[in-house]
Amino acid sequence: MPSTYLGALALAVLPSLGQARSVWPLGSGLELSYQASQQQISIHQDNQTIFSTLPGEPFLIASGGKDQIVEDSGNFNITNVDQARCRGQNITQLAGIPRRDSVRHQVSVRGYLLDCGGEDVAYAVNFWVPETLSDRVAFEATVEPDTNASASVDRLYLTFASHALEDFYGLGAQASFASMKNQSIPIFSREQGVGRGDQPYTAIEDSQGFFSGGDQYTTYTAIPQYISSDGRVFYLDEDDTAYAVFDFQRPDAVTVRYDSLSVHGHLMQADTMLDAITMLTEYTGRMPALPEWVDHGALLGIQGGQEKVNRIVKQGFEHNCPVAGVWLQDWSGTHLQSAPYGNMNISRLWWNWEPDTSLYPTWAEFVQTLRDQHGVRTLAYVNPFLANVSSKSDGYRRNLFQEASQHHYMVQNTTTNSTAIISSGKGIDAGILDLTNADTRAWFADVLRTQVWSANISGCMWDFGEYTPITPDTSLANISTSAFFYHNQYPRDWAAYQRSVAAEMPLFHEMVTFHRSASMGANRHINLFWVGDQATLWTRNDGIKSVVTIQGQMGMSGYAHSHSDIGGYTTVFAPPATTSNSSGAIPRSAELLGRWGELAAISSAVFRSHEGNVPSVNAQFYSNATTYAYFAYNARLFRSLGPYRRRILNTESQRRGWPLLRMPVLYHPEDLRARQISYESFFLGRDLYVAPVMDEGHKSVEVYFPGYGANRTYTHVWTGVTYRAGQTVQVPAPFGKPAVFVVDGASSAELDVFLEFVRRENGTVLHA
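Letter by letter, the sequence shown follows residues -20 to -1, 1 to 748 in mature numbering (1 follows the signal peptide of the UniProt record, and there is no 0).
Derived from the structure by calculation, the hints contain no laboratory data. Incorrect hints may have been included.
Pairs of lysine-lysine residues, derived as DSSO-like cross-links and limited to a Cα-Cα distance of at most 30 Å, are as follows [stated by the list, open to error]:
(1) Lys372 x Lys288
(2) Lys288 x Lys406
(3) Lys372 x Lys406
Turn these sequences into a full structure, and let the hints guide you.
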C-alpha cells in the first residue's frame, strides 16, 4: 500500500492531477478543482470558493477507541477517546464518474489514510450536485479498513478551511454562545442539566446526581448543521445520527468528528444568512403552520384540578386577561418526588396517559365546557415513558406499563430479558416506547386516540425523547444499527409518530404540538418548539437569558416557531443554611415572572405559563392581584402583536423557513459586534427590534443598535425617540415597557394594532 504522506500528494495521484489545476464541472454552475501546487481540493460556484481543503493537510483522517459515555437519569457524560489516529493521507485517484441521481456526475476521490496504528487504511470521498437539490453539493466519505487489519478505526474526521472572521450559528438548542467560533460542540440529545455551568447551582446539582448540572454544551437536541456569517451552510444528512462533534477551535479550519466510518452531508453557499435558512429548510422541511387561535391570548399553565382551573380562568377574565387556552399537564395525575435538600417535594406526573379521576373526574366534559362557555381550549401532556402505577393511591383504569411490558412494547434489555428501566430522578422509573416496533406504534396509537385525543383537546406537550439507552444490552425491535446510532434519531421518530396519529383526529387543523427534543428534520413534524426546562433564575446558561439564545440558534437550525415556559420550570435547591427558607428551594420572584412574561410577549409564537416543578415556592401569575395584573398586561401585549406575528408566520416562515425571532447577525453579518449578541437583543421579524430586561432590579437596558455604517433608524415605541445604527444607548424599561423599536420607520396595518396598544397602555403602571 502507498505510504507517502500528504506532503508528497502530487506524486500519488493520476497523471492528470500533475497539471497546475484540474477542474471537474459538477453542474448548476458548481465545479470541483484540484490545485497540484497547493495539494488542495476546492469547490467553486460562479467563481466563488464555497469549500476547500487546507493546503498540505489531510482533509480526512480516522481514529480508533470507544468513546466513554456514562448515563444517569438522562444525563449523558461523554469523554472522547482517540487512539491510533492516522498521521496522514494520500490521493491515488481523482476522477469524474457517472452517478444516476446527480445533475452531471460525481467526482470520486480515493486513496489511503496513512499510519493508522501502523497500517494504511483505504478511503473514498465523493462529491456531486443532486438532482433534487441542485443548488448545493452533496458529499459522502467512507473509510474502508481491511477486515484482516490489526489496527482498529472507529470514526472519521473531516477538516476543511475557514478563516478567523467566520462565525458559526445554529447547531440546535445552543444556550450559551452567540457564535460557536472557538468552541467544540457535541451533537447528542440528552438532558440539558440544571445550571449548565451557572454557579453555584450546577455544582449543587452535580453533588446530588451524576452530571445532573450539565454544562454549556448539553442540550436536548442533536442537529448537526451550521450557518456561517459568510452565508455558508453545512449539514449532515438526517440518517447520519451517530454522535458527532463540530470543532470550531482553529481560526483557519472546521473539523467534524463523526463516530462512524461513513458519513453523508451537504454544503452550499447562500447570498445572505436568511437565504441560508431557506436553503437548509429546503432539505429538512419546514414547521407546519400554527393555528391562528394561539394569537388571541395566553395559555394558562395550571395544576390542581377542575375547581382550581375554573377559578383561575374566571379571575383571568376579571383581570382583563385574554385567555386562549389552558395547559393542564397534570391531567393524568401527580405524585411527589423528594428534593435534594430540606423537606420540600417536587411535583411530578403519573406517566399512565389516562385522566386522573381525582383531579379531573369529568375530564372530557370539563374540556368541552371550557370551550363552549368561555372559548377556552385545552392542551395536555404526554411523553414516551410508561410508569408502573400499581402504587397510585387513587387508582387507575389501565396500567399501561404492565400491558406494554407483557407484549414487549418498550425498549428491552437483553441482560435482564425485560423492559429497560430508565430513571428520571429519585423514585421515577419507567420504560420507554420502542418506536421501531410496529406493534408498539399500533397499540400506543390506540391509547392516544381513545385516552388522549378523544377528549377533544387542542394540543399537547410531547415531552422528552432524549433518554433512549445506548448500552450494548439495549434491544430494539426493528433497527439495522445499534442503539447508540439510533439514540439521536428517536426525537425525530417521536415527533413524526405523534403527528401521524394526530393527523387522524377531527381537530387536527387546530392542534398545537410542541417538543423540546429534536433531530435533523424533526421540524417538519412539529408546529412549535419549546426551549425546555429552564431554571427559575436570571442566569445566562440556564435561566431567562438562555431562552433568547436558544430561540435564536434554533431559528438558524430550521425551527421558525418557538417559545418557553413563562417563569421557567426548574426550581434550584441550595443547602437550607444558604437560603431564607428551611426547604432549601430558591423561590421564583414576582419580578422574574413578570419580566419573563414581557419576554414571551415580544419574542414567542405562543404565550404559555408554567407553575414550575415546585409550585408552592414560586410566584404564580395568579398568586395575587398584582401578579395577575402584570401577567394580564403581558398577555394583552402578546395579543396586540398577533397580526404582525401572523403575517410573518404565514409568509416568511412558511415559504422561506425564516424564524420569528432573529439574531442580529442575520441582518448584519458585517457588524462584528452584532455577531456576538446572544440574548441582549433580537429582531422580531424585519420591522421590530427588541432589547428585553434580563437582570434583576433593572429599570433600564443598554441597547446596541446593529448595522454600524448603515443608514438604519430605530424608533422607541414608548417615547418616540429615534436612534441610529451603531449607537449604544441606555433606554428606560420600567415594568411593562420592554425596549421595543420600529426599524427604519416601518408601517403596516399589522404593526398599527401593536402601536395602538402602546398608545392605549403607555400610562399603565405595573408592580412586581
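Any of the earlier hints contradicted here, and which numbers? none
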